[in-house]
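Peer 1: Just so you know, the sequences run in chain order A and B. Heads up: the first sequence runs through residues 1 to 285, numbered per this note's numbering. Heads up: the second sequence runs through residues 1 to 355, numbered per this note's numbering.
Everything labelled a hint here was simulated from the structure, so no lab data went into it. Quick reminder that beta carbons are idealized off the backbone N, C-alpha and C, glycines included. One should not assume that every hint holds.
[Claimed, not checked] From the derived model, a few chain A residues whose C-beta atoms are all more than 12 Å from chain B: (1) VAL14; (2) PHE17; (3) GLU54; (4) VAL94; (5) ILE131; (6) ASN132; (7) MET156; (8) LEU164; (9) TYR203; (10) MET217; (11) ASN233; (12) GLU239; (13) THR281.
[To be verified] Capping the alpha-carbon separation at 25 Å, the derived lysine-lysine pairs in BS3-like fashion look like this: (14) B:LYS108 x A:LYS277; (15) B:LYS311 x B:LYS274; (16) B:LYS113 x A:LYS198.
[Stated by the list, open to error] What follows is a list of derived Cβ distance ranges for each label pair: (17) A:LEU105 x B:PHE17: 13 to 21 Å; (18) B:ASP16 x A:TYR133: 25 to 33 Å; (19) A:PHE267 x B:ASP183: 52 to 60 Å.
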Amino acid sequence: MSKHTKFGFYIFFVPIFLWLFLLIVLPHIELFLMSLKYENDMGDMVWSLQNYKEFFVEEIYWLTFVRVALYAILVTFLTFVITFPIAFYVTKVVSPKYKGFLIILLLMPFWVSELVRVYGWMILLRESGVINYFLTSLNIIDKPIEMLYNDVSMIMGLVYTSMLFMVVPLISSLDGMDDSYIEAAHDLGASKFIIFFKIVIPYTAPGIVSGAIVVFMLTLGNYLTPNLMGGKNSLWFTEQIYNQFIASFNWNQGAAFGFLLLVLSSFIIWLGLKLSKQSLTKALS
Amino acid sequence: MNHILEIKELQKSFEDFVAVNGVDFCVEEGKFFSILGPSGCGKTTLLRMIAGFLEPSSGSIKIRGDEMIGISPNKRPVNLVFQNLALFPMMDVGENVAFGLKRQNFSKSEIDKKVKNILKKVHLEGYERNNVSDLSGGQRQRVAIARSLVLEPSILLLDEPLGALDLKLREQMKIELKKLQNDFGTTFIYITHDQSEALVMSDRVAVMNHGKFEQIDTPKNLYANPKTSFVASFVGETNKFEATLRSNRNSVITKEGIEFKVVLIDENITSDCKLFIRPEAVVLFVDEKMEDMNFFDLNVKTILFDGSNTKVLATINNSDHEIMVSLPQNRRFSHVSEGEIIRAGVHVSDCKCYE
Numbered sequence: 001m002s003k004h005t006k007f008g009f010y011i012f013f014v015p016i017f018l019w020l021f022l023l024i025v026l027p028h029i030e031l032f033l034m035s036l037k038y039e040n041d042m043g044d045m046v047w048s049l050q051n052y053k054e055f056f057v058e059e060i061y062w063l064t065f066v067r068v069a070l071y072a073i074l075v076t077f078l079t080f081v082i083t084f085p086i087a088f089y090v091t092k093v094v095s096p097k098y099k100g101f102l103i104i105l106l107l108m109p110f111w112v113s114e115l116v117r118v119y120g121w122m123i124l125l126r127e128s129g130v131i132n133y134f135l136t137s138l139n140i141i142d143k144p145i146e147m148l149y150n151d152v153s154m155i156m157g158l159v160y161t162s163m164l165f166m167v168v169p170l171i172s173s174l175d176g177m178d179d180s181y182i183e184a185a186h187d188l189g190a191s192k193f194i195i196f197f198k199i200v201i202p203y204t205a206p207g208i209v210s211g212a213i214v215v216f217m218l219t220l221g222n223y224l225t226p227n228l229m230g231g232k233n234s235l236w237f238t239e240q241i242y243n244q245f246i247a248s249f250n251w252n253q254g255a256a257f258g259f260l261l262l263v264l265s266s267f268i269i270w271l272g273l274k275l276s277k278q279s280l281t282k283a284l285s
Numbered sequence: 001m002n003h004i005l006e007i008k009e010l011q012k013s014f015e016d017f018v019a020v021n022g023v024d025f026c027v028e029e030g031k032f033f034s035i036l037g038p039s040g041c042g043k044t045t046l047l048r049m050i051a052g053f054l055e056p057s058s059g060s061i062k063i064r065g066d067e068m069i070g071i072s073p074n075k076r077p078v079n080l081v082f083q084n085l086a087l088f089p090m091m092d093v094g095e096n097v098a099f100g101l102k103r104q105n106f107s108k109s110e111i112d113k114k115v116k117n118i119l120k121k122v123h124l125e126g127y128e129r130n131n132v133s134d135l136s137g138g139q140r141q142r143v144a145i146a147r148s149l150v151l152e153p154s155i156l157l158l159d160e161p162l163g164a165l166d167l168k169l170r171e172q173m174k175i176e177l178k179k180l181q182n183d184f185g186t187t188f189i190y191i192t193h194d195q196s197e198a199l200v201m202s203d204r205v206a207v208m209n210h211g212k213f214e215q216i217d218t219p220k221n222l223y224a225n226p227k228t229s230f231v232a233s234f235v236g237e238t239n240k241f242e243a244t245l246r247s248n249r250n251s252v253i254t255k256e257g258i259e260f261k262v263v264l265i266d267e268n269i270t271s272d273c274k275l276f277i278r279p280e281a282v283v284l285f286v287d288e289k290m291e292d293m294n295f296f297d298l299n300v301k302t303i304l305f306d307g308s309n310t311k312v313l314a315t316i317n318n319s320d321h322e323i324m325v326s327l328p329q330n331r332r333f334s335h336v337s338e339g340e341i342i343r344a345g346v347h348v349s350d351c352k353c354y355e
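Kindly generate the complete structure, drawing on both the sequences and the hints.
Peer 2: Written out as structure tokens, the structure reads:
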């Protein structure tokens with residue numbers, strides 16, 4: 001390597017290294033060490049795996065995790081089902097003239113913060129909210145219904161929050177697909193159903209996978225939406241971690257949960273990639 | 001003769017223009033039929049209507065006597081080889097070829113057998129598990145053709161499939177396509193803007209311009225007896241003169257003031273006309289005793305050497321109108337050099353006049 005390229009290399013490498021090391025690796029090492037400390041009966045901190053054992057022994061913890069993981073998978077799937085037709089319409093059906101405009105419309109809600117968007121939903125759905133107002137004033141229902149604080153409204157909020165992260169990779173991979181693939185398949189005798197499952201889905205698989213990974217991770221690690229829109233029974237795993245750190249002041253337990261969230265969600269993604277025969281590098285390229 | 005495809009008064013208009021404007025033709029079973037025309041003449045629209053991707057505004061398309069209007073592309077007995085081939089990148093060669101067969105519910109062993117057979121016929125034996133992106137341009141071409149032909153369509157439509165290949169490969173594929181068509185006996189309808197592709201491969205060629213067929217003929221006839229000025233100028237190289245018809249109606253005076261005895265192709269020419277002379281029709285060092293000839297002097301400007309296709313660029317009779325003349329590469333003409341003045345002539349029957 002010449003001196004010149006070496007210099008260029010460091011210019012890009014140093015900030016990334018500092019960012020990864022100082023802000024990601026170092027705190028994680030600290031957290032990891034913390035998670036391995038346990039206060040024994042004598043009140044001394046000792047090295048132990050007890051914090052991790054706690055997760056598997058106490059039903060409430062691992063059941064919360066399983067439930068949250070299943071919900072995250074459901075949210076990812078619903079997000080895909082809702083955004084795919086939108087992405088297909090924008091890229092393949094509508095005239096290219098309006099494409100840019102439609103994409104802007106899709107992105108616009110995401111210019112405001114998640115908090116504002118969630119409050120938007122709350123204004124619509126709460127007992128004294130817009131929907132209830134119309135339903136009661138039109139005499140469709142007698143008294144307002146509480147539509148917030150249950151799993152359905154929470155899932156809806158999570159799907160809404162995640163849509164952008166699915167629709168963007170879908171649009172870019174559908175954009176890269178030549179229309180002639182669809183026509184060729186049609187010409188060779190395939191029905192619309194077959195074209196969708198044998199041509200469009202396999203072709204856009206890398207885009208679907210990258211969107212799905214992002215949506216899954218963001219949903220699993222979401223705190224705001226489940227907290228604001230979910231009910232008492234919709235406890236999210238991040239809320240468990242929060243409780244350990246803030247409510248119980250048990251940082252060691254919280255650190256262990258944080259690590260379990262990281263490891264288990266990575267495992268689920270690995271499993272998903274294996275089952276769908278996709279590779280991570282291909283999906284993210 | 002058996003007509004596999006019959007097209008009557010086919011018309012297709014888009015919002016503000018007419019792409020195909022009343023086309024009538026028939027194609028005989030087992031023939032190689034080409035549609036030749038400049039880009040934007042409506043040939044792709046015509047092909048896409050036959051394939052079923054576009055609904056005609058009016059007219060009829062019959063394949064083996066069955067009306068095709070309203071039948072979707074996956075139900076028509078025609079297959080299309082796309083301009084960019086459209087080989088599915090996520091499938092290997094075998095899966096690409098088997099794609100259509102799987103839609104027809106053949107058994108697995110039958111599909112394997114058919115795929116193997118067709119790949120052998122296109123000289124790609126044993127390529128089943130190869131990735132399509134690893135193939136060369138010519139091989140991809142053959143996979144695309146095999147993928148369509150394995151379905152045994154009544155008609156194979158080809159939309160300029162040689163356009164993306166380099167010259168050498170294109171020359172090779174021309175011959176190969178013609179051979180494949182012979183081997184399979186399938187009717188080919190081939191679309192191109194390259195007149196040499198159309199002339200070399202086809203049994204019959206339709207020349208298309210502005211949404212209409214100008215002439216449907218054998219390649220030889222098309223070249224020798226073009227019926228319209230468009231065909232005369234589009235098919236093969238030619239020299240064009242703007243001219244005025246003289247009152248005796250058998251000679252013209254060009255804009256440069258040269259008189260030519262001519263054959264009138266359009267009988268209703270009144271005054272202004274176009275005169276076409278092929279480069280190879282000009283006889284160099286002509287014997288002035290020959291009859292029915294037009295004689296003139298050529299002032300050699302440049303020799304465009306291109307092997308057997310070498311031409312001379314020369315001005316005619318002291319005018320500055322340049323014409324192209326073929327220069328056969330035999331010893332007789334090897335002394336021709338720039339600046340030389342040559343007595344030349346052209347037979348009256350080779351001077352064709354159009355409206």
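Peer 1: Next, verify each hint and record whether it holds.
Peer 2: Hint by hint, here is what the structure shows:
A:VAL14, annotated as away from the interface, keeps every beta carbon of chain B farther than 12 Å; the closest lies near 37 Å. Residue-level check passed: A:PHE17 sits 36 Å from the nearest beta carbon of chain B, beyond 12 Å. Against chain B, the non-interface label of A:GLU54 holds: every CB pair exceeds 12 Å, the least being about 46 Å. At roughly 17 Å, the least C-beta separation between A:VAL94 and chain B is larger than 12 Å, which holds for a residue marked as non-interface.
Annotated as non-interface, A:ILE131 keeps its C-beta farther than 12 Å from every C-beta of chain B; the closest such distance is 43 Å. With a cut of 12 Å on Cβ distances, A:ASN132 stays outside the contact zone with chain B, its closest approach being about 48 Å. At the 12 Å boundary, the C-beta of A:MET156 stays outside the reach of chain B, the nearest C-beta of that chain being 34 Å off. Residue-level check passed: A:LEU164 sits 26 Å from the nearest beta carbon of chain B, beyond 12 Å.
The Cβ of A:TYR203 sits about 6 Å from the closest Cβ of chain B, inside the 12 Å cut-off, so the non-interface label is violated. Distance check for A:MET217 against chain B: the nearest CB is about 26 Å away, which clears 12 Å, and the non-interface claim stands. Look at A:ASN233: its CB is around 43 Å from the nearest CB on chain B, clear of 12 Å, so calling it non-interface holds up. At the 12 Å boundary, the C-beta of A:GLU239 stays outside the reach of chain B, the nearest C-beta of that chain being 41 Å off.
For A:THR281, the condition that its CB be more than 12 Å from all CB atoms of chain B holds, with the nearest at approximately 16 Å. Restraint check: the Cα-Cα separation between B:LYS108 and A:LYS277 comes to about 23 Å, which is no more than 25 Å; the hinted pair holds. Using a Cα cut-off of 25 Å, the hinted pair B:LYS311 and B:LYS274 holds, with the two alpha carbons roughly 22 Å apart. Proposed proximity of B:LYS113 and A:LYS198 is supported: the alpha carbons are some 22 Å apart, at most 25 Å.
For the pair A:LEU105 and B:PHE17, the beta carbons lie near 32 Å from each other, so the given range of 13 to 21 Å is not met. For the pair B:ASP16 and A:TYR133, the supplied restraint of 25 to 33 Å is violated, since their beta-carbon distance comes to about 50 Å. Against the hinted window of 52 to 60 Å, the Cβ-Cβ separation of A:PHE267 and B:ASP183 comes to about 56 Å, which satisfies the hint.
In this structure, the hints that do not hold are numbers 9, 17 and 18, in rising order.
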